[in-house]
Amino acid sequence: MLNRKIKVLAISLCLMGILLSLTGLGIAGSILRYASPWPVKIDPGIGSDGQALTAQVNLLDPLVFPDTKGNIVPHLAESWDVSPDGLTYTFYLRPGVKFHDGRELTAEDVKFSMDRLLTMGGGSAYRWSGCVQETEVVDKYTVVFHLKTVYGPFFSTLPLFFIVNKGLIMENIKSGEYGEMGDYGKAYVSINDVGSGPYIIKNYQTGEYLLMEKNPNYFLDVGTAPDEFKMVGSNQPVLVKTLMKNREIEMNSKWGAPDLYEALAKIEGVEIAKWQNTGFLYSYRMNTKKPPLDDIHVRKALSWALDYDAAMQLVPGSVQAIGPVPGHMLSDKNAFQYHRDLEKAKLELKQSKYYGHFDEYPMEVIWDSSPVMEKYAMLLASNAADIGLNLNVGETTWSLLCETVSKIETTPHIRINPMAAEIPDPAGLLKQQYHSETTGTFNQLEWLLDPVFDKMIEETIATLDEEERLEKCREALRYIVDLAPSIFVVECPEIHAYQAAYMDWPSAKGESMPYVEYSNSVRLIKIDDEKRKELLKK
Amino acid sequence: MRNKRVKLIIERFFYSLLVLLGLSILIFVMSRIMPGDSARMALGESAPEEAVENLRITMHYYEPLYIQYFYWFKNILHGDFGNSLVTNRPVLEDIVRNLPATFELATFAFLFMSIAGITVGVLSARYKNTWVDNLGRIISYFGVVTPSFVVAIMGMLVFCYLLNVLPAMGRLSPELIVPPRITGFITIDALIQSNFKVFFDAVKHLILPTVSLGLLGVGTQARITRGSVYKNMKKDFITAAVSYGIPERVILFRDLLRPSLAGPISLIGLQFGSLMANAFLVELIFNWPGFARYGMNAILQNDLNAISGIVLTMGVIFVLSNIIVDFIVNFLDPRIHLIKERNE
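Going down the list, the sequences are from chains A and B.
For the first sequence, the working numbering assigns the number 1 to the initial residue and increments by one for each residue that follows.
For the second sequence, the working numbering assigns the number 1001 to the initial residue and increments by one for each residue that follows.
These are calculated hints, taken from the structure and not from any lab test.
One should not assume that every hint holds.
[What the hints assert, rightly or not] Chain B residues, not near chain A, derived (Cβ > 10 Å throughout):
| id | residue |
| --- | --- |
| 1 | Y1061 |
| 2 | Y1066 |
| 3 | T1130 |
| 4 | G1184 |
| 5 | T1220 |
| 6 | F1237 |
| 7 | V1242 |
| 8 | S1266 |
| 9 | P1289 |
| 10 | N1322 |
[What the hints assert, rightly or not] Here are the simulated BS3-like cross-link-like pairs (lysine-lysine), alpha carbons at most 25 Å apart as the crow flies:
| id | chain 1 | residue 1 | chain 2 | residue 2 |
| --- | --- | --- | --- | --- |
| 11 | A | K202 | B | K1197 |
| 12 | A | K333 | A | K289 |
| 13 | A | K174 | A | K148 |
| 14 | A | K266 | A | K531 |
| 15 | A | K290 | A | K346 |
| 16 | A | K533 | B | K1204 |
| 17 | A | K98 | A | K202 |
| 18 | A | K69 | A | K333 |
| 19 | A | K7 | B | K1204 |
| 20 | A | K333 | A | K353 |
| 21 | A | K7 | B | K1197 |
| 22 | A | K531 | A | K274 |
| 23 | A | K537 | B | K1204 |
| 24 | B | K1197 | A | K533 |
| 25 | A | K98 | A | K140 |
| 26 | A | K538 | B | K1074 |
| 27 | B | K1197 | A | K537 |
| 28 | A | K111 | A | K148 |
| 29 | A | K526 | A | K274 |
| 30 | A | K174 | B | K1074 |
| 31 | A | K350 | A | K289 |
| 32 | A | K290 | A | K333 |
| 33 | A | K274 | A | K290 |
| 34 | A | K407 | A | K455 |
| 35 | A | K289 | A | K407 |
[Unchecked claim] Label pairs and their computed distance ranges (CB to CB):
| id | chain 1 | residue 1 | chain 2 | residue 2 | range |
| --- | --- | --- | --- | --- | --- |
| 36 | A | E534 | B | V1132 | 47 to 53 Å |
| 37 | B | G1227 | A | D307 | 55 to 61 Å |
| 38 | A | S12 | B | L1111 | 16 to 22 Å |
| 39 | A | K202 | B | L1191 | 24 to 30 Å |
| 40 | A | Q351 | B | I1025 | 34 to 40 Å |
Quick caveat: nothing in here was measured; it's all calculated off a predicted structure.
We put the beta carbon where it would ideally sit given N, CA and C, even for glycine.
Next up, chain B with everything else stripped away, as it sits in the complex:
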């Protein structure tokens, strides 16, 4: 079994590299054929043409596309994404600075989405066609049809503007000092350093952005979990568990949940990547200093180097999260692996 898992890891890793190579070619070509003069954008509208031309030459602007790609890929292998044409700092530095904020937000949104979505789904399945199921349905549909920025603005109006009980922007109150960086997650860094004031303040700042970003996923997770759980509820092993007198709560969240999670977990892997990529509107509204917002600014300002770096980073995140999901699904439901073996 262990050898099979190792083989699976190597296989996934190899295919991931191919995917990332293809992605790098795609994003490079797309960013280079995008309309807009990046050199002009970088130096400003009033910069002399000579300075702009020098920068174009530095960027290999006039070389064939495959030559440009060669230079670019060579640098990528050395961890050099080039300098941002807007900030004039290494793109890698900007990504490292901005990524943890989005990662933290996406992680909290992911946890919220998973826990709330699965809980609502399980309860909806258990109390099918009752008011509990209907309430779950309302929550699901609301989450699915309402864009994240609408939830964000509504939440801000109610909890920040009218009630003034939650902060409207940023990761931390201005009076508090950001703890020394260990993981880049303010919550985790504060906990590690036993700075509970900062921890609770950071959590408070995360509430609205997390709910805004994660609500869509709650809806989707709830519906899929509901379907999956309901299907398994009719199985013999559940009937046996009930006949043994095992408490219902234990059956629902222990015996029934694990075999029902293959579908939701597969979706979660894709959703985590989406959370990272789609966080830009929420980050914009809450002035969250994240990677997604940095990416959006890069696109609007035609910052080619930053765009390429960001998309590749997102590609790596997507690929990694899918690999992790594959393993989790395999762990939760070994039958998937057995079916594959039988087919071979």
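Only chain A is shown next, with the shape it has when bound in the complex:
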């Protein structure tokens, strides 16, 4: 009898404890929580995807910063000079900027950051590996980049070049594959703070979240910024909906499916923000060396067969693409755009050397990563069937794709490809997608290998004058559109759901910067904690 009473008492106490803890626990200070894909690679030498850049934009600082029009303004660098031949860029650093560990940021750190990036070869290194020859320290606050060749867009790439703490990294070098530099601090930087940015790592649970707190000693004013910024590792739709409704996150990532945003928009106080300048450009990348796509008529036939209106419906807010470069980056009134015309498509097919023998050349269109890409793949397959072409739809994984595109024979016929214009550099974008040096990488499935285009884009990139460079870009773009190595489908806006009731987000009000993930610069965002608490009471 006594034992039974003790058991009942113990169980009741446990239940009470659970019930007591059911009451909400308050949050001290304002916090911005962001539901992000995972993992987050905070090392700029390793990570360059969306979530990596979101973390780096807040933990680290670049030499220069973009404004909403894409102009470059001083940041760590107060001023700069460019030599007349365009091969030497000299930056004069702002004195007194401190890393989070108290060390001062100097030219040595800038040199170290570039050297590290280029040696490791990961992250965003590809932007500079073809153009930066050497980085020179002139004095404590002066650093010079010597370029191998003239690279017109060099300046516009610099907002994505982040400076890391040389002293701290060198203290934590382990043995590795980089000679006397060991592992270049890879193991250390993957989970530790080496930045000078507006936010400092407070707690990094690598499997769960990255919590950052405001840097009280930041060289710019961060008074109105949230006290904390937390990246929560979850993109799972039901969880995101639940967290958004319960005001446990303030915004979600751009990788949600359209129906998720529809559901989130129905939550009181939540709005959907869209902007075009860092959105995705979807295109079908075609292997131009694999029959029957080695025949331009077949490629053009598919371009005429696609239902562009249906494609635009797949992601609300989309517009038809005009080529491989987003329209906001390179407007071209003379640009040619395909539209669905089955007669023209069939006429093109009749001109093809494979006409009447298409069954001997089965084709596949592959997709990976997201359900939206599957829908685009199925759309093309369906439209191709309207003109008698049989396309098999197949799924692949990212790792398998990287391997199969290394050779012409194993590169699939067609892949639906989302491309985000990370920086406003149309020339770089064209080169990345079609220059011969990018064949065999995931950037180019076309295997274009066109010396005419290679020369055209190299001359474009070597043009220092911006207007002249843009005009040459337009010529290169028209050349590509004429060759039809890809089908340019839609430009989709970047979309986020956010707690508009208590979050003041400049990007949501039309002030987004045309640099990927700079919209997530938390120091520019304001959170009204009182309004949040009022909403929670409802």
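Could you slot chain B onto chain A? The hints should help.
Only chain B this time, still in chain A's reference frame:
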């Protein structure tokens, strides 16, 4: 008897080593022949080919498979699984960091599965063909046919989204600090340090993931226990116990349960390993920072070193849990050991 048990331990240990050796060869070969360029994945799609090639050489990519296995096995014996190609940290470090979260979840799911499953099974057997039995049957079938991720999502929608009475993610509320690590189980560490607020909060966070993960096992356990208990209910010793006037509750959960548990316990051993391995979907949905989710990410990103380390760790867990189960079964039902002796 004690000497026989010691002999059993040594025997099981030896066979386990053979199993693990075979597993290591299998997983090594499979991970190496898997399509996908691991070096490219590790350095990123835009890394220069030179850097990727250097990494391939470091990984002995171009050596014969048996040479690669030799290097890999040599390192394993020193506790070195290599560095994760994704996190760039030692795989062992990542496993040690992530394993306790899954272990805690699996342990709670295991307890839930065992207690609930056996209770439902016993009651179903006692009240065979009544509404109690039918209810037990519904619970069992629901648990068996409903995938864990469906239960997880349904539970989240009802208890987190609609009712907002349970947390939707993580192991602890963000305002609370994780107690200093002793076992890695937040619940146990909090209890040891008398931090009851953290303990109850951690338990609250465990409720939905535990039920989602364990419900399948509840169904299976209930059906097997029901069959086993019902078979023993007709035995003479039970009739004798009833005739002595021993309370029914005591007969059911003391006299009847022990001889009926051989079957369910054997299954439990296998199920614990399955809980550990299959937790990844539940961990993904609840943003649980566990080992299974780490493993899934490793597979998706072709992180060879991590895949090998994870599968070996799972192999060790499976083998250990089966050894433990063998002993428990032997303890519960010595007749199994006697039958084996008679056969020899």
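Comparing the hints with the structure gives:
no.: 1; hint: Y1061; verdict: holds, 13 Å
no.: 2; hint: Y1066; verdict: holds, 23 Å
no.: 3; hint: T1130; verdict: holds, 26 Å
no.: 4; hint: G1184; verdict: holds, 13 Å
no.: 5; hint: T1220; verdict: holds, 26 Å
no.: 6; hint: F1237; verdict: holds, 25 Å
no.: 7; hint: V1242; verdict: holds, 22 Å
no.: 8; hint: S1266; verdict: holds, 29 Å
no.: 9; hint: P1289; verdict: violated, 3 Å
no.: 10; hint: N1322; verdict: holds, 28 Å
no.: 11; hint: A:K202 / B:K1197; verdict: holds, 22 Å
no.: 12; hint: A:K333 / A:K289; verdict: violated, 31 Å
no.: 13; hint: A:K174 / A:K148; verdict: violated, 31 Å
no.: 14; hint: A:K266 / A:K531; verdict: holds, 19 Å
no.: 15; hint: A:K290 / A:K346; verdict: holds, 20 Å
no.: 16; hint: A:K533 / B:K1204; verdict: holds, 23 Å
no.: 17; hint: A:K98 / A:K202; verdict: holds, 17 Å
no.: 18; hint: A:K69 / A:K333; verdict: holds, 21 Å
no.: 19; hint: A:K7 / B:K1204; verdict: holds, 21 Å
no.: 20; hint: A:K333 / A:K353; verdict: violated, 33 Å
no.: 21; hint: A:K7 / B:K1197; verdict: holds, 21 Å
no.: 22; hint: A:K531 / A:K274; verdict: holds, 23 Å
no.: 23; hint: A:K537 / B:K1204; verdict: holds, 22 Å
no.: 24; hint: B:K1197 / A:K533; verdict: holds, 23 Å
no.: 25; hint: A:K98 / A:K140; verdict: holds, 14 Å
no.: 26; hint: A:K538 / B:K1074; verdict: violated, 61 Å
no.: 27; hint: B:K1197 / A:K537; verdict: holds, 23 Å
no.: 28; hint: A:K111 / A:K148; verdict: holds, 16 Å
no.: 29; hint: A:K526 / A:K274; verdict: holds, 18 Å
no.: 30; hint: A:K174 / B:K1074; verdict: holds, 21 Å
no.: 31; hint: A:K350 / A:K289; verdict: holds, 20 Å
no.: 32; hint: A:K290 / A:K333; verdict: violated, 33 Å
no.: 33; hint: A:K274 / A:K290; verdict: violated, 38 Å
no.: 34; hint: A:K407 / A:K455; verdict: holds, 23 Å
no.: 35; hint: A:K289 / A:K407; verdict: holds, 11 Å
no.: 36; hint: A:E534 / B:V1132: 47 to 53 Å; verdict: holds, 49 Å
no.: 37; hint: B:G1227 / A:D307: 55 to 61 Å; verdict: holds, 58 Å
no.: 38; hint: A:S12 / B:L1111: 16 to 22 Å; verdict: holds, 19 Å
no.: 39; hint: A:K202 / B:L1191: 24 to 30 Å; verdict: holds, 26 Å
no.: 40; hint: A:Q351 / B:I1025: 34 to 40 Å; verdict: violated, 57 Å
Of the numbered hints listed earlier, those contradicted by the structure are 9, 12, 13, 20, 26, 32, 33, 40.
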